[in-house]
Amino acid sequence: MPPFLLRLCTAISPFARILPLVPALLAVCLLAVPARAQAPTEVRIGLLAKRGSATDLALWQPTADYLSARLPDHRFRIVALDFTEIHDSVRAGRIDFVLANSAFYVELERLHGANRITTLINRSLPGQSTTTFGGVIFCRADRSDLQSLSDLRDRRFMAVEPRSFGGWIACWRELHRQ
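Its first residue numbered 104, the sequence shown is counted upward by one per residue in my numbering.
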């Protein structure tokens, strides 16, 4: 075992597929909306900005531009949201669609009646799709007292965000299975 603890925690997620079909599905959904002679209808796509607003906006802006070009009666806008803003934005109707992890989707469906229209397909595995989602638990290399998950019992440690599926929820599940 290496001098530091590195453990992938996996949690089965039927919704953990990454998004090649969202532009097409959004376009199909919006074709049912009557065209107006006025200014284009704004469609707000809420995005869980887990990499930071600027980074995630830059990553997803081409999708909004593509949809806006294909559906000229609509203007698509990406709205970067942090973990604390998603529920309020859905509840208040400030976003029309949301892109977030599958744990958020389950909450949004239960609490606000959200419906999924597609899921994301992870393209980091060429030619493969996956139904798993994971996180990483690690410690400093000089902590020889931490060699397995059971060594964390009755200890304090940090996670990125309590609502982060990979950054906490998957690891929490694995810790409780031990």
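Calculated from the structure, these hints are not laboratory results. These numbers were taken from a predicted model, which means no experiment stands behind them. The reader is advised that the hints may include incorrect statements.
[To be verified] Pair by pair, the computed Cβ-Cβ distance ranges are:
1. PHE260 x GLU188: 31 to 39 angstroms
2. ALA157 x ASP248: 37 to 45 angstroms
3. ALA142 x HIS190: 28 to 36 angstroms
4. HIS215 x GLN141: 28 to 36 angstroms
5. GLU210 x PRO175: 47 to 55 angstroms
6. ARG256 x THR158: 19 to 27 angstroms
For every residue, glycine included, the Cβ atom is placed at its ideal position computed from N, Cα and C.
Status of the hints after comparison with the structure:
no.	hint	result
1	PHE260 x GLU188: 31 to 39 angstroms	26 angstroms, violated
2	ALA157 x ASP248: 37 to 45 angstroms	39 angstroms, holds
3	ALA142 x HIS190: 28 to 36 angstroms	30 angstroms, holds
4	HIS215 x GLN141: 28 to 36 angstroms	29 angstroms, holds
5	GLU210 x PRO175: 47 to 55 angstroms	35 angstroms, violated
6	ARG256 x THR158: 19 to 27 angstroms	36 angstroms, violated
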